[in-house]
Amino acid sequence: MKRLLVLSTALTCFAVAASAQEVNVVSWGGAYEKSQVEAYNKPFTEETGITVNMIAADDPATPLKAQVEAGNVTGDVFDLAMADAIRLCDEGALMEFDPATLNPGADGSPAEEDFVDGSVTDCAVGNIVWGTAIGFDTTKFPDGAPATAADFFDVQKFPGKRGLPKSPKRTLYLALIADGVPAADVYDVLSTPEGVDRAFAKLDTIKNDVVWWEAGAQPMQLLADGEVSMTTAYNGRLFDAMVGEGKPFGVIWDAQYLEINAFVIPKDAPHPEEALKYVNFATDTQRLADQAKYIAYGPARVSSAGLVGLYQDGKTEMAPHMPTSEDAMKTAVIDDPEFWADRDAELSERFNSWLAGN
Amino acid sequence: MANALDPHAAIATVATGETDGTLRTADGKPLARALARSQTRARRRAFLLVLPLLAFIMLTFVVPIGQMLQRSFYNDGFSAHMPQLSQWFADHPRGTDPDDAAWAALAADLSAAAEARTIGIVGTRINYDVPGTRSLFTSTGRKARGGIEPPYREALLEMNDDWASPRLWSAMREASTPLTTNFYLASLDRTRNDAGEIVQVQERQRVYVMLFMRTFWLSLLITALTFILGFPIAHLLATLPMRRSNLLMILVLLPFWTSLLVRTTSWMVLLQQQGVINDILVWLGLIGNGQRLQMIYNQTGTIIAMTHILLPFMILPLYSVMRTINPSYVRAARSLGATSWTAFRRVYFPQTLPGLGAGALLVFILAVGYYITPALVGGSSGQLISNMIAMHMTDTLNWSMAAALASLLLAAVLILYWLYDRLVGIDNLKLG
Amino acid sequence: MAVPTYASPLERAWHYAYLVICGLIFFFLIAPIVVIIPLSFNAEPYFTFTDRMLEFDPDGYSMRWYDSLLTFGMQRPDAPRDLGWWADAWANAKWVNAAKNSIIIGFFSTILATALGTLAALGLSRPEMPFRRAIMAILISPMIVPLIITATGMFFFYSNPCSVLGWVGLPSNCGRLAGTYVGVILAHATLGIPFVIITVTATLVGFDQSLNRAAASLGANPRTTFFRITMPLILPGVISGALFAFVTSFDEVVAVLFIAGPDQQTIPRQMWNGIREQISPAILAVATLLVVFSIALLTTVELLRRRSERIRGVTPH
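Residue numbers (numbering that gives the first Met the number 0), protein chains in the order written: chain R, 0 to 357; chain L, 0 to 431; chain Z, 0 to 316.
I should point out that these hints are in silico values taken from the structure, not numbers from a laboratory.
Note that the structure is predicted; figures quoted are calculated from it, not measured.
Just to be clear, a hint being listed does not mean it is correct.
Mimicking DSSO-like on lysine-lysine, the simulated pairs with C-alpha atoms at most 30 Å apart in a straight line are [what the hints assert, rightly or not]: (1) Lys41/R - Lys99/Z; (2) Lys93/Z - Lys33/R; (3) Lys156/R - Lys206/R; (4) Lys314/R - Lys33/R; (5) Lys160/R - Lys246/R; (6) Lys93/Z - Lys292/R; (7) Lys93/Z - Lys246/R; (8) Lys142/L - Lys266/R.
Chain R with its partners taken away, still in its complex shape (with noise of 0.2 Å):
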């Protein structure tokens, strides 16, 4: 014990000593920190000679309000659901900056206008956009592959379980489309207690062909295990699916849903300066593009776009895999932080107690 811990305080020691050159950015872990690593740490550190330190974390909101609370920052940078940066913003935990000092795009455009819409906030500064879509194995639909979200509705025509997640932040909107609401009034109907019995009723018609996922690992599982015949997932671990492992599956964009991630720095963060360095190289134009080679996920920037090459394998073209492709945008339903600040709660609630029914 005690050597141990003389062995810790040495090691923390020399952590202090040493910390002048690093940053502790909190990711995701798995995949995604990996295309990180690849795609900012290792230029990051080769220009600036700042070490990064990547720690993982379930969900890097938790921790950053636990140490925000508790006066204890040891992280520099997180990467945040917007949702979630927008309330911490709000809620005074995080730093705020100037969009202006951000890098202008490739085609030398302000930060500001190359950023998609929502995706530079007071305190945040967007990465990627991820979508939830639709993926269906191909093997059991020999007749016709379905297409839209009213067929991933109709076990009828399209037999077979579906996976959906337990969240109702990842289901209602699918009801909804499939019941015939227009993508861009989603968020509308929602507001209303009828728009909500609506959605409900549209699960009700599934209810009994659905199993339930939690983690973001899991329907890729039930996939590939024939469980269910159709799910949603994300789709940078669909791409993997179907592209890196060869599974005969496919992808049904429409009705997808799609969130920003975002880098935010917290306030008292220990290396606030190395931080802001690590935030306006990691958005960069070049960057953001080069991380689509690891990961099939979009580039918060416009001019980042052009740039999206081949996946890693060194042939498959990335661009229409994105989530943001002209294609995959058509119907998409874009996460909007401040319904859910307000209303998740109140519709977790309902969501498990429909859960619970019969």
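Model the placement of chains L and Z on the given structure of chain R, informed by the hints.
Structure of chains L and Z alone, referenced to chain R:
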């Protein structure tokens, strides 16, 4: 070897030669006092043995948890950042309609909170009680950053007419003191109406009470199942010769070393409709390909996986108690004419009760707190109360609500522990 | 466990039925572990028995997940596998470091939990112990509170453990425990203690206190009495308590998530890493290795025990 600490030694000493009738120890002290003193000493010694651990737990657990659970009834998100309006509420009793002073206080507080970037905290606090109002605060805050011009009431209603809602004012009054019972009310599917009275929430919003019931019911069922499966195994292990039982013990310990995540995944592989067990049943011709059994992503799956995961927690305490049971008692009972069933029921089983008590306590309490396994294999019926606690900790970031749910869970388990003590008699089990 | 000679035919029949039932329960215990072993050699990144695996096609199997345990996190995974490569793996591979951390943290937290827990259980099982129920309830409470709450509470406390001193007016800042080995060890010890308490007190119920008095009356001091009389008799309970405590630490992820820094990543933490994207079959490879390792360990212990029995001339019964 007179041992002054031992009450029996004191009793053994015979009082001699005294005439006043009180019993005395060998060194002439009154026996009653000597006994009391030695008992005090014994109590102190027992307490000293427990003290290091008690201090450790107090410091590393009770204090941190206390700080955390305090959030369930203490939330100054509104009162600390809206001081003027809170003061107005304190000065005016419930039922007073907001006057000009109230609107002025609201406007001043909103501008100040918007400047200080704390408006989100205020809005979040009110949103807990009146869903949908967080954006009311943040959007008004954005417009109010430069200050609001009088007349305040009209100015605010101009920005958003929801500011006149009586329910909102009722909720702000509730939140104007940091102490609140609202999170506990919400945890019991209760809320306050516009007049501040406690009412049940709409039926379709009720979820927590049902989840508490389900959690306890499932835990009880799983405890019973682990007992039914664990008892024969523990008995076998305890009665076999050491060399064979130790080898079989490996089979009990192996699942125990294996990560929860791995075992849960493994049950998915076994139980799902395209899984190993269904494949074998189809291959054997017991069921048709179209009639594959649904054994997972429902309550069955939760029960099977949790029973498997918690089984060693029943077997090991039972085993360590059964090892200490002297087999000659059962033999004596048999030689006195008891049938094997009677000998088991009247002689052997009662001696295993301490182990059973410990195992049941372990399994039940662990089952109440588990959520990862039910979340992954439980399907629509796999949500337990801990899932909601985790959701409020990580998704909605409503830590006050999580703390209230956790406090209720803790209280419920402690009440059950007390009942268990009353009914089964922990003194009989000597568990504590 | 032979059937006694006086057993009736019905009792014999029941005895064999009982053995069959036990066999089935053992099968239930072990089946999920057996399944993961072949799956850990799957060539595909899924937890599925593929058709190629069922046909015993060698292409359906691979060592890639075992390989990834070593190469993941290495500086130069593609270098030739000489001594330098292995040194790189030992120093940098994430799974190797996670294993080291799990063992260090598990070992120290188990020692702490078992020592404090056994001592307290001895006190608790004395009939004269005051406030027994209330204290017992406090001591087992770490088991009841959902981990996520405990972990967050501990994080706040460990961020500034001396805040408590502030209440009595002492300096209230003395560094932090969050992000250190000591912090994680203390947290895991706390979580393991209820298991030790419950199992050891249960074993002490059957313990005859007059044995201690006999030892004392024969001149043994309390320490000798404890180590020579009490300890050997309650050892099974202490061992199963320690086992519970170790496993609790070895499979704990929530407290690690909050309290551990980047230097204290453990095996379960590594397993849950990236579960948002994919559960890597590497976790099956880890599980298989642990199974093989623990079979080897337990068998060795058993063989050593038999050997010492033979040497001491104790007849195995």
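Hints, one by one, checked against the model:
Proximity of Lys41/R to Lys99/Z is assessed by CA-CA distance (about 27 Å); at most 30 Å being required, the pair is judged to hold. This hinted pair checks out: Lys93/Z and Lys33/R have alpha carbons roughly 13 Å apart, not beyond 30 Å. Restraint check for Lys156/R and Lys206/R: satisfied, since their Cα atoms lie roughly 16 Å apart, inside the 30 Å limit. The hinted pair formed by Lys314/R and Lys33/R meets the criterion: a straight-line CA distance of about 20 Å does not exceed 30 Å.
Annotation: proposed proximity of Lys160/R to Lys246/R holds, straight-line Cα distance about 18 Å (limit 30 Å). Pair hint Lys93/Z plus Lys292/R holds up; C-alpha atoms about 24 Å apart against a cutoff of 30 Å. Between Lys93/Z and Lys246/R the alpha-carbon distance is near 29 Å, which keeps this suggested pair within the 30 Å criterion. A distance of roughly 24 Å separates the Cα atoms of Lys142/L and Lys266/R; the hinted pair therefore holds under the 30 Å criterion.
Of the numbered hints given earlier, the model fails none.
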